[in-house]
Structure formats: C-alpha cells, structure tokens
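Asker: Residue numbers (numbering that gives the first Met the number 0), protein chains in the order written: chain E, 0 to 349; chain P, 0 to 349; chain D, 0 to 349; chain L, 0 to 349.
Note that these hints are calculated values from the structure, not bench results. All residues carry an ideal CB built from backbone N, CA and C; glycine is no exception. Hints should not be assumed to be uniformly reliable.
FRET-style restraints, in silico, Cβ to Cβ [as the list claims (entries may be wrong)]:
1. P/Gly275 <-> L/Asp58: 37 to 45 Å
2. D/Ala88 <-> P/Glu263: 52 to 60 Å
3. P/Gly275 <-> E/Gly331: 45 to 53 Å
4. L/Gly186 <-> E/Gly117: 36 to 44 Å
5. P/Asp125 <-> L/Tyr205: 29 to 37 Å
6. E/Gly260 <-> L/Glu191: 44 to 52 Å
Protein chains: 4
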Amino acid sequence: MSDTSDTLTASVVGGTGFTGGELLRLLDQHPEFQIAEATSRSTAGKSVGYKHPNLRHLDLRFTDPEELASVDVLFAATPHGVSMERIDAFQDAADTVVDLSADFRLPSEAAYDEWYDGHVSPEYLDDAVYALPELTRDELPGADLIASGGCNATASILGLKPLVDEGILAGDEQIVIDVKVGSSEGGAGGGEASSHPERSGVVRPYAPTGHRHEAEIEAYLGLDVSFTVHAVDMIRGASATCHVFPGEPVSTGDLWGAYRGAYEEEPFVRMASGGGGVYRYPEPKTVAGSNFAEIGFEVDASNKRLVVFSAIDNMMKGSAGQAVHAANVALGLEETAGLASTGLHPVGAP
Amino acid sequence: MSDTSDTLTASVVGGTGFTGGELLRLLDQHPEFQIAEATSRSTAGKSVGYKHPNLRHLDLRFTDPEELASVDVLFAATPHGVSMERIDAFQDAADTVVDLSADFRLPSEAAYDEWYDGHVSPEYLDDAVYALPELTRDELPGADLIASGGCNATASILGLKPLVDEGILAGDEQIVIDVKVGSSEGGAGGGEASSHPERSGVVRPYAPTGHRHEAEIEAYLGLDVSFTVHAVDMIRGASATCHVFPGEPVSTGDLWGAYRGAYEEEPFVRMASGGGGVYRYPEPKTVAGSNFAEIGFEVDASNKRLVVFSAIDNMMKGSAGQAVHAANVALGLEETAGLASTGLHPVGAP
Amino acid sequence: MSDTSDTLTASVVGGTGFTGGELLRLLDQHPEFQIAEATSRSTAGKSVGYKHPNLRHLDLRFTDPEELASVDVLFAATPHGVSMERIDAFQDAADTVVDLSADFRLPSEAAYDEWYDGHVSPEYLDDAVYALPELTRDELPGADLIASGGCNATASILGLKPLVDEGILAGDEQIVIDVKVGSSEGGAGGGEASSHPERSGVVRPYAPTGHRHEAEIEAYLGLDVSFTVHAVDMIRGASATCHVFPGEPVSTGDLWGAYRGAYEEEPFVRMASGGGGVYRYPEPKTVAGSNFAEIGFEVDASNKRLVVFSAIDNMMKGSAGQAVHAANVALGLEETAGLASTGLHPVGAP
Amino acid sequence: MSDTSDTLTASVVGGTGFTGGELLRLLDQHPEFQIAEATSRSTAGKSVGYKHPNLRHLDLRFTDPEELASVDVLFAATPHGVSMERIDAFQDAADTVVDLSADFRLPSEAAYDEWYDGHVSPEYLDDAVYALPELTRDELPGADLIASGGCNATASILGLKPLVDEGILAGDEQIVIDVKVGSSEGGAGGGEASSHPERSGVVRPYAPTGHRHEAEIEAYLGLDVSFTVHAVDMIRGASATCHVFPGEPVSTGDLWGAYRGAYEEEPFVRMASGGGGVYRYPEPKTVAGSNFAEIGFEVDASNKRLVVFSAIDNMMKGSAGQAVHAANVALGLEETAGLASTGLHPVGAP
C-alpha cells in the first residue's frame with residue numbers, strides 16, 4: 000500500500016445486476032479505489048444492500064445513471080447495447096472506461112452486423128482494447144476504453160492460446176469447445192427458464208450452435224471453433240472442455256512446455272492437471288470466489304485427441320475480476336490489487 | 000393384463016445398490032413379475048426399506064446371495080467382476096439372466112484384456128446378447144444371458160446410430176462425445192470425492208480419456224469415438240452431446256428422416272429438437288424417472304458440424320429400466336410392461 | 000381394473016401450472032379417468048408437452064377455459080381467487096368439482112375476511128368438503144365441491160391430529176410448527192426471489208408469522224399453533240417439524256399407540272421413526288413422487304418436549320395426489336387408483 | 000498494516016479437515032500471522048493444495064503432528080477428543096492455544112460426563128475461556144486456552160442473548176430452537192449418509208433431540224432450550240430459528256432496542272429484519288464466506304410468539320472465523336484483522 004491509497008475514484012454503471020454487485024464488492028475492498036457511485040435506473044435512492052445482501056454493511060445508495068459523476072474509472076456493467084448508446088457520456092465522465100458488455104469486444108463493425116444487431120458507435124471499435132490482460136497486457140496502459148472479455152470466451156481462449164502460439168494447433172483442425180455454465184451468467188432477471196424449479200439439476204443445451212462468444216473466441220484466437228454451451232446446476236462458474244486433434248503427435252512434455260511458458264508468470268492462471276486427490280483437473284468449484292483460471296489437459300493417444308480443461312468463476316475471471324484486473328494494468332497499479340482473495344472451499348455451486 | 004399376471008418370478012442379486020433398488024421398484028409394480036428375492040451380502044435379513052426408503056411399504060427382506068432361489072429371471076446388479084465369477088450359479092438359478100454390469104457387454108475376451116483386467120468366464124461372451132433393445136431386439140427372445148447396456152454408452156449409441164445406419168457418418172470422421180452424468184452412476188458407496196460437500200455444484204472431468212464405455216460404444220456403433228465424461232450436479236441422468244462433422248453437407252430434413260425412421264416406432268425414444276418453451280432440446284430433467292431416451296440435434300452450417308443431444312435417466316433407460324425392457328422382450332411380454340410410468344416434473348436433480 | 004375402465008371423464012382447469020401438470024400426469028395413468036380437457040388462458044392451442052416436458056408423449060392440447068366441456072370431475076388448479084369467481088361455471092360443467100386452491104378450505108366467510116381479502120362466493124363454503132381424506136373420508140362420497148387441503152397444512156395436520164384425538168394435546172399448549180418447503184410451492188411463475196441464483200441453497204424465512212395455512216391448520220386441528228415456513232433448496236417437498244409440550248408425561252408406547260391407531264389402515268400414511276440406516280425419520284426425499292405422508296416422532300424427556308416430523312411431496316400428497324385421492328373416494332373408486340406409484344430413490348431435490 | 004506485520008507465527012493442527020483448510024485460508028491472508036505449519040497425520044509431506052484445492056498456490060506442505068514447532072498461536076482443528084488428549088503438547092508449543100473442538104467448551108467435568116464420554120484433562124476446564132468474542136471479549140486478552148464456540152451454539156446464542164440480558168426472557172419459558180445446517184458441519188469424511196445422492200435435497204432430522212450443542216447453549220445462555228437440528232441442502236451455513244413466548248407483551252421497538260444495544264458496536268453482527276427486496280431476514284446465503292452473523296426477528300402478536308432468526312457461515316463465524324477473531328482479541332490485534340472479507344453473492348449453497 001502506497002501514498003496513492005484510495006486516491007482513485009471509480010463508479011459502477013448498472014450497479015444492480017450480479018456483475019455490478021461483484022464490482023462493488025471488489026472495489027470496496029480494493030486498496031486504491033474509492034467507490035464514487037453505483038447507478039441504477041430502477042432502484043435509485045435505495046441502499047446497495049437492497050440488491051446485494053452481502054454488501055448490507057456499505058453506506059452507499061444507488062444513483063441515477065443520467066447524472067454521472069466525474070471519476071477516474073467508470074465500469075459499465077449494463078446489458079448488451081447500452082454501452083454503445085451511452086459511450087460518449089461514459090467517456091465524458093471518466094478517462095478510463097471499462098465496459099463489461101460485449102459492445103466493444105469484437106474488432107469490426109462487420110462482426111457486429113454478423114453476430115449482433117449492428118453497432119451504433121462503430122467509431123470506437125478501433126480504439127477499444129480487448130482485455131484478457133494475459134493477451135493484451137501491453138496495450139492496456141493508458142487505454143481510454145477497455146472491453147473486458149466475456150466469460151465463456153475467456154475460459155476458451157486461455158485454454159487454447161498456448162497451443163496456437165506454440166504451433167501445436169495450426170488453425171485448420173476441427174476444434175470442439177463444449178462449455179458448461181452456471182446460472183449467474185443469465186443475470187438477476189429471472190424468467191421461467193431460470194426459475195429454481197425449472198433450472199435446478201439441469202444439463203440444458205442453451206446454445207447448441209451460434210453462441211455469440213464464438214465470434215469473440217475466433218477473433219482473438221485466430222481460428223474457427225465449434226462452440227456449444229450447456230447450462231448446468233451451479234451459480235458461479237464456467238468450464239470449457241476443448242477437444243482438439245493436433246496434426247502432429249504431441250507429447251505431454253511439449254504441452255507442459257507450452258502452458259508453463261505461457262502462464263508461469265501469470266498471477267491469475269494456475270495449472271491443474273492430473274495430480275492426486277479429489278481435484279485432479281480444473282473445476283469451477285476450485286476457483287469459486289477467486290480470480291484464478293485453472294487449466295489442465297490430457298492426451299488421448301489412441302485417437303489422436305488432446306483434451307484441454309479450463310475453469311473460471313464467471314463473475315470473477317469471467318467478468319468483474321477481469322475488469323478490475325484490466326483497470327489495474329491500465330492505471331499502472333499492482334496487477335493483483337484488490338484481487339488477491341483466495342476462493343472458498345468447499346462451497347456449493349461455485 | 001392377461002392370465003399370466005404375476006406368474007413369472009424374478010430375483011435381484013445385488014439388491015442394496017441404487018440399481019438394485021430401482022429394479023425392485025420396477026419389479027414391484029410390474030404386472031407380470033413377482034419378486035422372489037433380493038440378495039445382499041452385507042444386509043441379509045434386513046428389510047429392503049432399510050436401504051431403499053421409497054420401498055418401506057414392501058414386505059421383503061434381503062437374503063443371502065449364496066443361496067439363490069430358482070426363478071424365471073435373475074437380474075444381476077452387482078459390481079463389475081462379480082457376474083463373471085458367479086455366472087454359473089446365476090444360470091443354474093434362472094433360465095434368463097439379465098446382467099447389468101459390464102461383464103458380458105463387450106464381444107471378445109481381447110476387449111476385456113484391453114479395457115478391463117481380463118475375463119474369467121470368456122466362454123459366455125459369444126452367447127451373451129447385448130441389450131439395447133432398440134439395436135438387438137430380434138436377438139433377445141429366448142436369450143439365456145443378456146448384457147444390459149451401460150448408461151453413457153446407451154445415450155451415445157442412441158444418439159449416433161441413425162447417422163451411421165443412414166450413411167451420414169462414414170466412420171472415419173472425428174467424433175467427439177462429451178458426456179455429463181449424475182452422482183448415482185457412482186453408486187451408493189460414497190468416498191470422499193462423492194461426499195456432498197465435495198461433489199455438489201461440480202463440473203468435474205472424471206474420465207477425460209479412456210472411459211470404459213468408449214469400448215462399448217465403438218463395439219456397437221462400429222466406429223471410433225473420442226469420449227469424455229464429466230460429473231455434474233444431478234443425481235439421475237446422463238446427457239451425451241455428440242459433436243460430429245459429416246463429410247457431406249446434411250440437411251435438417253435428412254436428419255429428421257434418419258431419426259424418425261429409426262425411432263418413430265420405438266416406445267422409449269422421444270425426439271425433442273428445437274421447439275419452443277423452456278425445454279427445447281433433450282435434458283435429463285425431462286426424462287427423470289421414466290424409461291425414455293430423448294434425442295435432438297442442431298446443424299451448425301458455418302463450420303460443418305452437427306450436434307446431437309441425447310438424454311436419459313441413467314437408473315432407468317441407463318440401467319434398471321433397460322434391463323426390464325430387455326427381459327420383457329426376451330420373455331415375450333409386452334415391451335412396455337412395468338415401464339409406462341411418466342417421469343416427474345419438475346424434479347430437482349433428475 | 001374393471002369394466003368401468005376409463006369411463007369417467009375429467010378436466011383440469013389451470014393446466015399450465017405445476018399442480019395442473021401433476022394432475023395431468025396422474026389422470027393420464029389413472030385406470031378410471033379419461034382426460035377430457037386441460038385449459039390454459041395463455042397457451043390455449045399448444046400441446047401440453049410445451050409446458051410439461053414429461054408429458055410430451057401425450058396427444059393433448061390446452062383449451063380455452065371459457066368453454067368448459069361437461070365432465071364427471073373437474074379439477075381446478077387455478078391461483079387463489081379464481082375458483083371463487085368461477086365456481087358456478089365449474090359446477091355447471093361437472094357434478095364433482097375438486098378445487099386445489101385455498102378458496103373453499105376455510106369454514107366461514109369470517110375466516111376469509113381475516114386471512115384473505117374476503118370471499119365472493121361465500122354461499123358455497125357450507126357445502127364444500129375439506130379433503131384430507133384421512134380426516135373427512137366419510138363426508139366425501141357424493142360431495143359436489145371438494146376443497147383439497149394445502150400442502151403445509153396437510154403435513155402439519157397429519158402430524159398432530161392423533162395427538163389431539165388421543166388427548167395427548169389438550170389444546171392450550173404452545174405448539175410450534177417449523178416448516179421447510181421446496182420451490183414448487185411458489186409455482187411456475189418465477190420472480191426474482193425464485194430465480195435459480197437467488198433461490199439455490201437458501202434457508203429463507205419466507206413466512207415468519209401469519210402464513211395463511213395457519214388458519215387451515217387451526218380450523219381442522221381445533222387448536223392454536225405457531226407456524227413458520229422456510230424455503231429450502233428442494234423442489235418437491237414439505238417437511239413439518241412440530242415441537243409440542245404435552246401437559247402430562249407421554250411414553251413412546253403411548254405415542255406408537257396413538258399413531259398406529261390413527262394410521263395403520265391408511266393407504267397413504269407411513270410411519271418412520273427411529274430405525275437404522277440413513278433414513279431414520281420422515282424426509283421429503285423418501286416420499287418424492289409418491290402420495291405417501293411419512294410421520295415420525297421423538298421424545299425429549301429432559302425438557303418435556305415431543306418432536307413430531309411429517310414429510311410429504313407437496314405436489315402429490317400436498318396437492319394433486321390428494322385431490323385425486325379425494326376424487327377417488329367421492330366417486331366410489333378404489334382409494335389408491337392411479338396413486339400407487341412408488342417414489343423414486345435416490346432423487347435430487349424431492 | 001503496522002510494523003508488527005507477519006511477526007506472529009501460527010500453526011494449524013488437524014490441517015486436512017474443512018475447518019483446518021478454512022483456518023489456512025484465513026491465516027494466509029491475515030496481515031499479522033505467518034503460517035508456521037499445518038499438520039496432518041494421514042497426508043504429511045503432501046502439499047496443502049492436495050486437500051484444499053483453493054490453496055493450490057500456497058507453498059506449504061503438511062507436517063507430522065507429533066513434532067510441533069514453537070509458535071505464537073496454535074489452532075487445533077482436530078476431531079472431538081483429540082485436544083483433550085494432546086493439550087499439554089499444544090500448550091508446550093504455543094502460549095496461546097485456540098481449540099475449535101468441543102473439548103474445552105463446557106464449564107465443568109460433570110457436563111462432559113453428561114453430554115460426552117467424560118474428559119481426560121478436566122484440570123484445564125477452569126482456565127479455558129469460551130469464545131464467542133461477543134460474550135467473553137474481556138476475558139480473552141492473555142488467555143492461554145481458548146475454546147472457540149460451536150456453530151449451532153453460536154447462531155443460537157447470538158440470537159437469544161439480548162433477550163435474556165434485557166429480561167425479555169426470564170428463563171422459565173419454553174424455548175424452541177429449530178436449526179438447519181449444511182453438509183460441511185459433518186466434515187470431509189463422507190459416509191453413506193453424506194454421499195451426494197443420499198444427502199442432496201434433504202430436509203433430514205439428524206438430531207431430533209439431545210444434540211450436544213444444547214449443553215453449550217444452556218451453559219452460556221443460562222436457560223433451558225429445546226433444540227433440534229436438520230440437515231438441509233447447503234454446504235456452508237447454519238440457520239437457527241428461535242421460537243420464544245415472552246411472559247410479557249414485547250413491542251418491536253423494545254426488540255430493536257435490545258438488539259441494537261447489544262450489537263451496534265459489534266464488527267461481526269448485522270441486523271436484517273423485515274426490509275424489502277429478496278433478502279428480508281437472515282439467511283446463510285447472505286453471509287456465505289464472511290464472518291458476519293445476521294440476526295432478525297418478527298413478532299406474532301396473535302399467539303404471543305416472538306420468532307428470532309440467526310444465520311452464519313458455519314465455517315467462518317461458526318468455526319474458523321470465530322477462532323481467528325478470538326485470537327485477534329487475545330493477542331491485542333485489531334479485531335477484524337484478516338476477517339474483513341465480504342461474502343460472495345450470489346453463491347450456491349452457502
């Protein structure tokens with residue numbers, strides 16, 4: 000802790016959602032940030048504890064998103080489409096905007112035309128820096144607009160990137176990514192499909208094909224993938240199982256080399272592959288509440304397959320934690336500031 | 000219901016496990032079978048309700064497995080390796096033996112040498128009839144020894160068989176089967192990994208490669224598959240997501256043709272593919288407690304992939320229900336006898 | 000099965016809710032009833048499988064509730080307040096109306112003024128027969144209007160009634176009933192509080208005091224109770240723990256006498272008290288999917304307390320099963336017709 | 000953070016259990032403590048991450064409990080009966096011993112004879128300080144042996160103590176405490192009853208009467224209680240619902256006065272009573288991962304009852320967090336050191 004303690008101000012736009020709440024939790028315990036405001040259209044004036052019971056002890060009330068205070072960092076945790084509408088106001092309010100939606104993640108307007116309903120502020124796409132800090136660390140310092148990576152994309156990219164970088168995957172292989180996610184990805188809204196009686200105990204194919212994170216993965220991994228997402232009975236957590244078929248035989252030693260080379264200096268990536276005990280491979284349960292991604296792999300020699308597992312807490316490394324990490328890098332703070340918390344174990348549905 | 004009501008006797012060897020209990024539940028409500036005995040080495044003399052609280056109303060006590068009564072059908076629900084040791088005694092006790100273990104599923108001794116620890120009664124392998132009734136219905140009548148198919152294999156085979164039969168899959172494609180299963184597959188034993196605090200909320204890669212059901216799938220599907228099994232937070236249920244890449248473009252119409260042709264007369268296979276509402280694709284939750292398999296698919300035109308979903312209740316279509324179905328066919332009873340029960344909805348972890 | 004098979008027609012008004020779906024499941028498998036129609040204002044025209052995926056195999060579509068067919072029995076599974084509005088139409092459509100809402104459960108208009116927002120058809124209250132068949136079996140034959148008992152009330156009344164009847168409770172004691180219920184009690188609607196992320200893993204006091212079932216319990220038990228309901232993480236199931244302090248010492252023998260005397264002839268009440276194994280007392284898990292109530296007790300000699308446990312599946316014995324049971328009695332059918340199904344074990348959240 | 004940072008050494012005896020793991024997590028992030036060792040008889044030599052996957056990043060291996068290092072504080076997280084056997088060795092190793100078992104909680108040898116199997120080191124009972132810091136803060140500084148309070152007792156005592164202190168309860172009333180607990184209370188062992196298939200979705204009366212925490216509550220609350228514990232489907236969490244019947248009418252204002260007076264200065268007690276939103280009363284889910292106890296109440300005027308709800312994370316405020324809190328007070332550190340972490344929301348089974 001230095002002289003700069005709490006001299007930076009931060010606001011959270013879209014403070015009532017799960018991601019907004021997670022940002023508030025992290026910022027409240029961050030040594031360098033002071034929360035200036037948390038906005039909410041629907042519950043302006045109410046205590047943040049009204050929506051986020053874990054924050055009941057905070058003396059902070061939601062404010063109107065139309066009147067943004069001037070801050071050092073603005074985190075936008077609004078639904079898809081809001082940030083592209085309000086980006087000018089966000090930029091007016093803060094030198095550094097970290098957007099947690101998908102609005103500025105894809106590199107081109109054409110991609111938004113293909114995967115979304117177009118883009119209303121395409122002029123920002125060029126300058127926006129996509130943030131998986133593990134990929135784009137060098138571009139973050141001083142960035143005005145940071146597009147924090149999506150949960151399923153984060154898990155997938157971290158799992159496969161070292162294979163691409165080391166040439167183990169050439170890019171023309173069939174790559175299957177089978178993802179399992181928790182209910183917090185759906186947000187706090189709560190329709191019939193996410194009601195407890197209908198959502199408990201499921202293995203539900205909710206995006207058999209065409210999930211939008213596929214675009215994000217392909218953009219930053221540089222190769223085509225076959226992507227399917229299942230909803231399972233957990234709350235926090237995303238687990239990506241990547242089935243790939245390298246053109247050339249690959250040894251376990253080569254793989255350890257690739258992954259260690261990529262991640263041994265990374266503060267938030269942890270290898271978990273084939274040890275003993277109950278937890279031998281990555282699981283969302285082992286990273287619940289932390290900003291860690293866990294990566295592991297297994298070689299299936301008989302059919303030339305390599306299976307890579309990647310697990311994150313989708314509210315931490317998959318959204319709020321990643322956003323704070325990116326802000327730390329952008330502002331020159333210690334990377335792990337406010338994010339050092341070890342996850343809980345055991346805990347129910349991560 | 001005819002004059003033959005309850006004139007057939009059945010016994011369950013290995014009556015204390017989950018599968019044994021499910022067999023007892025089904026046989027108790029079966030119009031043609033009378034339960035002669037349920038054996039248990041560890042709890043002989045105790046009421047079956049002691050282990051299976053849903054059967055508390057039954058007036059039946061576990062008996063010693065060393066003294067088997069003579070019956071029409073003997074269901075063996077013992078751990079792997081027991082049936083191959085005791086098969087002579089089983090055959091002495093009953094004209095029809097339905098084995099629910101893996102002991103007689105694979106077609107050759109060589110396969111047991113490769114995937115298991117060899118086989119002590121290989122002379123029975125030739126005569127044993129593998130039972131997915133959907134595959135081997137014609138071989139079941141009069142069979143002496145029926146090897147009831149495994150849960151994950153059943154889900155996988157039912158999902159992919161029509162594609163093979165119709166030539167949509169030629170056999171040289173990379174086929175990924177990503178399976179999610181519930182905790183009842185692990186049985187009633189309960190070590191540390193399956194304790195509630197360690198097992199709740201998981202997405203756990205428990206068989207990244209080399210799962211023994213892979214052998215079963217390859218034997219009866221006739222092609223190589225890449226098979227990975229994850230434990231997720233449900234109790235009953237197995238869900239197989241099959242990612243395949245047909246060599247030739249395939250239309251939705253072709254697929255409906257293949258699946259309808261294969262299954263429209265099948266009493267226990269139900270298509271669920273892309274309708275509206277909450278449940279648009281197969282889920283274990285929608286078949287919980289029933290003997291249905293649900294099959295659905297989606298074409299991912301952009302990357303030439305076909306995704307097939309297959310969901311079952313692993314204790315019903317994946318073990319006890321399938322065994323009773325096979326016995327019904329073998330003995331010339333109505334196929335659905337004792338199995339007509341509609342599943343429960345909603346229900347927690349299927 | 001007799002000559003009367005399927006000669007009675009039944010309809011379900013309010014067929015899209017969980018209780019409506021459970022009624023359809025039971026009626027479909029009932030040997031004496033044929034489903035004439037299932038109504039739904041919001042989804043008229045759609046297949047019942049659209050809302051109830053376990054019933055996908057049924058060839059039945061929702062119809063408009065404004066045009067009711069003439070049937071032998073009409074089951075009303077509508078939200079509170081609807082039946083009292085539409086009772087004349089229901090009575091026109093069927094000689095026997097079984098209402099599953101609270102609209103006709105309380106004996107007097109004054110009670111509706113006190114616990115609800117009054118009553119618009121109070122003239123029916125006198126004739127309506129409250130149905131716990133265990134209490135009012137003799138009044139049911141020929142009844143025009145049957146008010147099927149509420150889930151929490153059913154569990155509580157069955158647990159305590161024998162103590163009142165045998166004079167073990169005099170009526171002036173402090174009686175605490177601490178209830179734990181599953182999420183299906185809240186219906187299929189699904190607001191924020193019942194969304195999976197907010198509802199999973201809870202022990203939530205949702206009715207600390209003043210729950211309306213308290214009125215029902217007091218009306219049919221004849222004494223005052225202190226009633227509190229908690230939401231816990233299950234789907235089906237209601238468990239009532241009754242803490243009572245008898246004025247005179249009571250022996251375990253006296254208690255067995257009271258409960259056996261009350262229930263040994265009852266087809267749907269099962270005692271479970273203090274045996275060995277995992278399931279020593281009543282639990283919703285052991286009756287999941289069945290129409291059983293399980294009752295057990297323990298005496299705490301040191302502080303003069305008697306603890307009574309009562310567990311049901313709230314969708315069966317707590318609503319749809321109880322309604323069918325009542326209809327069976329009312330129409331002179333075998334009491335257990337269509338209700339003989341043994342529950343599933345193990346199953347996730349009962 | 001002051002000059003004393005990390006100048007105190009701590010060890011955890013019994014480091015493989017859930018409580019041991021939670022202590023290691025807390026001590027690792029504590030600004031004043033350095034972990035000297037974590038002992039384990041069964042897994043000495045292995046990394047702590049082998050048992051506690053959330054601690055995989057720690058460079059720490061289990062050591063043999065027979066060779067204890069000399070430390071400032073020794074936390075004993077061993078099963079009941081171990082500490083009373085080894086207390087001399089513990090005292091030799093550390094000036095301050097915090098025992099998390101029940102071995103030194105009760106005030107007299109007679110109590111151990113009545114509720115347990117006697118005591119082998121009764122001479123320590125007089126000096127041991129029971130630690131709910133909220134009750135015994137003044138006795139903790141300089142204590143040699145601290146007996147950290149049990150989870151269910153902590154929840155119950157915190158809920159009722161203000162009522163006793165303010166004379167709202169005189170001590171001769173019937174007091175019912177109905178507790179619901181998660182599976183982590185049973186530890187990491189895992190027998191059949193705690194296996195996932197048998198333990199999921201339960202409301203299981205596991206201690207209808209005679210739970211040993213009753214002795215602890217009565218000792219420190221000073222009145223008799225009727226205590227019943229149910230296992231429910233969560234992992235972390237204990238929730239106590241206290242039903243009491245004050246002799247004199249009590250107003251909501253009186254109650255707020257009593258609770259605010261007792262707790263408004265307490266760093267780890269938070270009131271939650273009757274606000275709006277989803278979380279209106281205490282729930283384990285809202286305190287998951289934190290050291291907070293939440294207390295709330297409701298008056299049932301019609302039947303003279305007062306219902307008090309108290310919720311904690313049983314691994315934090317119910318064991319490891321409470322132990323660290325007690326050590327902080329005993330050693331003159333800031334009370335909240337290492338315990339400031341806000342809980343996670345949403346999270347599955349708290």
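Asker: Each hint needs a verdict: does it hold in this structure or not?
Answerer: How the hints compare with the structure:
1. Between P/Gly275 and L/Asp58, the C-beta spacing of about 54 Å breaks the proposed range 37 to 45 Å.
2. Checked against the hint of 52 to 60 Å, the C-beta distance between D/Ala88 and P/Glu263 comes to roughly 40 Å, which is inconsistent with it.
3. About 51 Å separates the C-beta atoms of P/Gly275 and E/Gly331, a value consistent with the hinted range of 45 to 53 Å.
4. Taking the beta carbon of each, L/Gly186 and E/Gly117 are about 56 Å apart, not inside 36 to 44 Å as hinted.
5. As the Cβ distance of P/Asp125 to L/Tyr205 is approximately 51 Å, the hint placing it in 29 to 37 Å is violated.
6. Here the CB-CB span from E/Gly260 to L/Glu191 is close to 46 Å, well matched to the stated 44 to 52 Å.
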